[in-house]
Amino acid sequence: DSGVTQTPKHLITATGQRVTLRCSPRSGDLSVYWYQQSLDQGLQFLIQYYNGEERAKGNILERFSAQQFPDLHSELNLSSLELGDSALYFCASSVDSTMLAGGPQTQYFGPGTRLLVL
Amino acid sequence: KNQVEQSPQSLIILEGKNCTLQCNYTVSPFSNLRWYKQDTGRGPVSLTIMTFSENTKSNGRYTATLDADTKQSSLHITASQLSDSASYICVVSGRGGSYIPTFGRGTSLIVHP
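Chains A and B, in that order, give the protein sequences. The first sequence begins at 1084 in our numbering and counts up by one. The second sequence begins at 89 in our numbering and counts up by one.
This is chain A alone, in the form it adopts within the complex (with noise of 0.2 Å):
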């Protein structure tokens, strides 16, 4: 067990739709990452939140959104989801922000969302 949380573990919904995933950090981590894992694009960060504040982004699509709340918990939300929305998304945490800027910082993973669009 990894300390991260995320729920719901399976997601069920329609194109078009809008869904937020949520995930809580490891006790003391201020630093929350997100990915999506597919089966043809492997695993893409999308992005990361540090102590609230956007601090590096990837491939998030516009229909992506994210954000880090003062309790530390973030949420994913994606919405006019498409059939290749469809994926693992991932939360990770680590200590602090250093670890995109080379830090030596372990991360930590959640153990998923798995996302079906139907």
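These are calculated hints, taken from the structure and not from any lab test. Just so you know, these numbers come straight off a predicted model, no measurement behind them. For glycine and all other residues, C-beta sits at the position ideal for the given N, C-alpha and C. Mixed in with the good hints, there may be bad ones.
[Said to hold, decoys possible] Sample of chain B residues at the chain A side, in silico, Cβ under 10 Å:
hint, residue
1, 122
2, 124
3, 130
4, 131
5, 132
6, 133
7, 137
8, 193
[To be verified] Examples of chain A residues lying across from chain B (beta carbon under 7 Å, computed):
hint, residue
9, 1091
10, 1152
11, 1189
12, 1192
13, 1195
Assemble the complex: chain A is given as a structure, and chain B must be docked to it using the hints.
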């Protein structure tokens, strides 16, 4: 474009045998390279993290090596166990404008009894 290529794509070995997984990257300037183990349907778990100045790092039966000159890394698994069956993912981060991590597609390892 930054790329991370892993080989082989899949590997089947017998329990107790050793194996080596390869990772080649083009990310530049280089910052760090990480190896993750991902069990099916679960989140990746960090195995090793290496920066530019490190050329080997061990974590139990896992040993990673890094040659920053040739932009190659390997993950050696010693005395494999059934629980080693998983996908092993190489991730490379650069510095400056290349800090977004680039993920390899992974090597799927199956350990048979």
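Each hint tested on the structure:
1. The beta carbon of residue 122/B is positioned within 10 Å of a beta carbon in chain A (closest approach about 8 Å), and the interface hint is therefore held.
2. Residue-level restraint check for residue 124/B holds (minimum Cβ-Cβ distance to chain A is 8 Å; threshold 10 Å).
3. The beta carbon of residue 130/B comes within 6 Å of a beta carbon in chain A, closer than 10 Å, and the hint placing it at the interface holds.
4. Here the hint on residue 131/B is kept, as its CB sits about 3 Å from the closest CB of chain A, short of 10 Å.
5. Annotation: residue 132/B was flagged as interfacial toward chain A, and the flag holds, the nearest CB pair being 5 Å apart, inside 10 Å.
6. Annotation: interface hint on residue 133/B holds; nearest CB of chain A at approximately 7 Å, less than 10 Å.
7. The interface hint given for residue 137/B holds, since its Cβ lies 5 Å from the closest Cβ of chain A, which is under the 10 Å cut-off.
8. Hint on residue 193/B holds. Least Cβ distance to chain A is approximately 5 Å, under the 10 Å limit.
9. Interface restraint check: residue 1091/A against chain B, minimum CB-CB distance 15 Å, threshold 7 Å, status violated.
10. The restraint placing residue 1152/A at the interface with chain B is violated, with a minimum CB-CB distance near 21 Å, outside the 7 Å limit.
11. At about 5 Å, the closest approach between the beta carbon of residue 1189/A and any beta carbon in chain B falls short of 7 Å, and the interface hint on this residue holds.
12. Because the beta carbon of residue 1192/A sits about 3 Å from the nearest beta carbon in chain B, less than 7 Å, this interface hint is met.
13. Below 7 Å, beta-carbon pairs count as interface contacts, and residue 1195/A has one with chain B at about 6 Å; its hint therefore holds.
Going down the numbered hints, you'll see the structure goes against 9 and 10, while the others check out.
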